Amino acid sequence: MERPLAPGETLPPPTERITILGWIYRNLLSPWYNAVLTVLGLALAYALLTPILRWALTQAEWQVVVVNLRLFMVGQYPKEALWRVWLLLYLLSLTAGWSWGVLLGKRYATAGLVLLGAFIGLAVLPFAPALRLRWFTLALTALGAWALAYRWRETGWARKVAFALLLLYFPIVIIVIRGFAGWDRARQLWAALYLTGVLAGLVVGMWRPEQRWPAARWGQFGLFLVPLALAVLPGFVAWRFPLVGLAAVTWAAWLTGRSNPTTLKGFARVLVGLYLPLLFLLYQMGPSGILTRAMPQVGTNLWGGLLLTFLLTIVGIVFSFPLGILLALGRRSVMPIIRVFSILYIEFIRGVPLVTVLFMAQVMLPLFLPPGMTIDRVLRAMAGIVLFAAAYMAENVRGGLQAIPKGQYEAAYALGLNAFQTMTLIILPQALRNVIPVIVNQFIALFKDTSLVAIVGLFDLLGIASTVLAQPQFIGKQREVYTFIGLIYWIFSYGMSYTSRQIEKALGVGER
Amino acid sequence: MSQAPTTYTPPKHRRKESHARYDEPPIIVARDVHKWYGHFHALRGISMEVYPGEVVVIFGPSGSGKSTFIRCINRLEEHQRGTIIVDGVELTHNLKNIEQVRRKVGMVFQQFNLFPHLTVLENVTLGPIHVLKWPKKKAEEVAMELLERMGIPEQAHKYPGQLSGGQQQRVAIARALAMQPKIMLFDEPTSALDPEMIKEVLDVMIELARSGMTMVVVTHEMGFAKAVADRMFFFDQGQVVESGTPEEIFTEPKEERTKLFLSQILH
Ligand SMILES: Nc1ncnc2c1ncn2[C@@H]1O[C@H](COP(=O)(O)OP(=O)(O)O)[C@@H](O)[C@H]1O
Ligand SMILES: [Mg+2]
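Those protein sequence lines, which keep their order, are chains A and B.
All the letters of the first sequence, read from the start, carry residue numbers 1 to 512 under the working numbering.
All the letters of the second sequence, read from the start, carry residue numbers 1001 to 1267 under the working numbering.
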């Protein structure tokens, strides 16, 4: 029935009927050495898995995990403050569901359903009923947020809410977990002054009052000259540092506003709208304020378990990322001092193991602080992790930067972009996109490396494991405990690597 | 404000549709420009004046310094001796001057150099939004007009990688034009294109020339030169060997090297 095609006629592609047996034959059994490998592989899997499964299902006593579950999850975090962790989980559900609905829509629905299913599955497991209800409502929150966001995904505000949630989640986590120490009035006053300074600097900078009133040309400098002048007066010696800081942030905000009035318009508007609410919240952070009473401070010595592991990881990622970018740029800078400093830093850190950096952070960091100021062990560990990860991040980013052709810089400069705009608008977006896989790899490694803080005496997931094993009734339960925390590490590591592959696909890395 | 005296006598056979305004002071003045790469003397005393509305074609063998010279005009390369003055602004180490000149001068590259992570529309609006500080809406309207003029409005939301070479180069032209430049520089804009795409790019360049844009074009497309060039400059070994109107260059070239080179590329 072969006939010549009429002009312009096209045929549908040939359809292939794939049967299971056909698939098995083609992929597993032919040619013959494939069949041998298949058989060997199956045998190996059987030999490895059966003892583990038999042990896990018949011999293992999972009681140790069930009894200590709270310890594994949050360490010594006080029971009466646990609702704060749950609050953050609900906020996470909301953020994830909402941004998924707005940014991804129905894409990756399978992954979403798997996640939902996992939560509902948890709700079915024999946890305490209250706990099961929580798992269930968490899933419901995410689903509801997704559905609403999907409905409104075309509107501008839904996008803005998504970005705000994503950006604010990290600071909110830190604030809620840590709580409020009850600032004294002086501190509150300074915070209010700084907030006001930033806002005033930004708005005045954007507004360019001299265009309306020529007299304002120099008058606006009063914004930062007044605090600076006060700092010099003898009566204000005690306030010298905060005053100079105030002048500096106001000036920086003023410059920012002046240089980018169009792009910052929306941001400034939001900030102005939030000014009074923020002042109110600040007021409630006082010793008897509502915030302090609702969320009293929980010392970092009580943070533990998976919670601490997460916090260390998130802080490590959030801070090492920009720091690493700066170091990478510094290493390529034309200014010799900056370049040499970056190279020395990166090469020094890369030459020592993380454990050393963690010990150094515990014992050396206090040397750099003004006398009388102390920072606690968890913060010191965080600093060590950030400083360590930043060096590796810098090298990854540098790899991405090197792959950008010279023509991209030239085209940007020829358009009239300045060096900063060229970097942020043209070079970094491409460089970072190209190194997403490497960066995520580093984040996964970072997540697992946080377990080293157990050595400097913190009770992260691994640290908690040893305390649990030290309890007399659970001595000798290493298998159960380490299998359990290994599984947890695996689930989150795999989740990250899966997510990064999806991001790569969505951004078309390697295609465009 | 340094302005060169008008020493130039307009060419005898001016093309009818030429927009060159020889009665005005030149918009680009290059006097005795030298440039070294290490010990290699790449530009050996180039002098050239380009008048408002004029279309100038630069041609010559590979490695003769054509790219180096036009890249000096917007300071992608730095000349080490001589002066370059663009629209009254001298190119020195002064960053303000460089910034000013780059706003007035658009450039189109042989390799397009579009930004691959941005859509066509974003490529074209980037400069107006971030350099000219236009509101996004205005920038997009102007960009769409330009894409219309380039004949590719339907490609606005694609990424550069999804376009053919000819389309990419037209986007690059639109991107440069979006900055409302006074001068356009082209460095072999059709050399990286397949033959069937050369024409679509030359067509928009000819249209641009006829609209009165000042253009400095490095090209070996002699058809383009015959159609719209006011003057042509023959470069060899970092020097201007010969210059004149297309008629003069094509019919009565004075220098042996020009004759030899023309005979090579015209056949
Ligand atoms: N960045 C550079 N470093 C060293 N030599 C260069 C560089 N750019 C160009 N050159 C040299 O300068 C000469 C002129 O180059 P170019 O202006 O690109 O020539 P054309 O564009 O006429 O082909 C060539 O010999 C080239 O090898
Ligand atoms: Mg060249």
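Some hints could be false.
[Unchecked claim] No more than 27 Å apart at the CA atoms, straight line, and that leaves these computed lysine-lysine pairs for DSSO-like: (1) B:K1158 x B:K1138; (2) B:K1254 x A:K265; (3) B:K1137 x B:K1104; (4) B:K1136 x B:K1199; (5) B:K1254 x B:K1226; (6) B:K1136 x B:K1254; (7) B:K1096 x B:K1158; (8) A:K265 x B:K1199; (9) B:K1136 x B:K1158; (10) B:K1226 x B:K1259; (11) B:K1133 x A:K406; (12) B:K1182 x A:K406; (13) B:K1136 x A:K265; (14) B:K1133 x A:K265; (15) B:K1104 x B:K1133; (16) A:K406 x A:K448; (17) B:K1137 x B:K1199; (18) B:K1259 x A:K160; (19) A:K265 x A:K160; (20) A:K160 x B:K1158; (21) B:K1104 x A:K406; (22) B:K1158 x A:K505; (23) A:K406 x B:K1096; (24) B:K1158 x A:K106; (25) A:K406 x B:K1158; (26) B:K1137 x A:K160; (27) B:K1199 x B:K1182; (28) B:K1133 x A:K160; (29) B:K1199 x B:K1133; (30) B:K1138 x B:K1199; (31) B:K1133 x B:K1158; (32) B:K1137 x B:K1158; (33) B:K1199 x B:K1226; (34) B:K1104 x A:K160.
[Claimed, not checked] Chain B residues, not near chain A, derived (Cβ > 12 Å throughout): (35) H1039; (36) E1077; (37) T1092; (38) Q1100; (39) E1122; (40) H1130.
For the record, the hints were derived by calculation from the structure and aren't laboratory data.
The model shown is predicted, which means the values in this text are computed figures rather than measured ones.
Note that CB positions come from ideal geometry on N, CA and C, so glycine has one too.
Now for the hints, and whether the structure bears them out:
| no. | hint | result |
| --- | --- | --- |
| 1 | B:K1158 x B:K1138 | 20 Å, holds |
| 2 | B:K1254 x A:K265 | 62 Å, violated |
| 3 | B:K1137 x B:K1104 | 22 Å, holds |
| 4 | B:K1136 x B:K1199 | 32 Å, violated |
| 5 | B:K1254 x B:K1226 | 18 Å, holds |
| 6 | B:K1136 x B:K1254 | 53 Å, violated |
| 7 | B:K1096 x B:K1158 | 35 Å, violated |
| 8 | A:K265 x B:K1199 | 44 Å, violated |
| 9 | B:K1136 x B:K1158 | 18 Å, holds |
| 10 | B:K1226 x B:K1259 | 16 Å, holds |
| 11 | B:K1133 x A:K406 | 26 Å, holds |
| 12 | B:K1182 x A:K406 | 25 Å, holds |
| 13 | B:K1136 x A:K265 | 12 Å, holds |
| 14 | B:K1133 x A:K265 | 13 Å, holds |
| 15 | B:K1104 x B:K1133 | 15 Å, holds |
| 16 | A:K406 x A:K448 | 37 Å, violated |
| 17 | B:K1137 x B:K1199 | 32 Å, violated |
| 18 | B:K1259 x A:K160 | 65 Å, violated |
| 19 | A:K265 x A:K160 | 14 Å, holds |
| 20 | A:K160 x B:K1158 | 24 Å, holds |
| 21 | B:K1104 x A:K406 | 22 Å, holds |
| 22 | B:K1158 x A:K505 | 17 Å, holds |
| 23 | A:K406 x B:K1096 | 23 Å, holds |
| 24 | B:K1158 x A:K106 | 22 Å, holds |
| 25 | A:K406 x B:K1158 | 23 Å, holds |
| 26 | B:K1137 x A:K160 | 19 Å, holds |
| 27 | B:K1199 x B:K1182 | 24 Å, holds |
| 28 | B:K1133 x A:K160 | 22 Å, holds |
| 29 | B:K1199 x B:K1133 | 34 Å, violated |
| 30 | B:K1138 x B:K1199 | 31 Å, violated |
| 31 | B:K1133 x B:K1158 | 24 Å, holds |
| 32 | B:K1137 x B:K1158 | 19 Å, holds |
| 33 | B:K1199 x B:K1226 | 15 Å, holds |
| 34 | B:K1104 x A:K160 | 36 Å, violated |
| 35 | H1039 | 22 Å, holds |
| 36 | E1077 | 10 Å, violated |
| 37 | T1092 | 16 Å, holds |
| 38 | Q1100 | 9 Å, violated |
| 39 | E1122 | 10 Å, violated |
| 40 | H1130 | 6 Å, violated |
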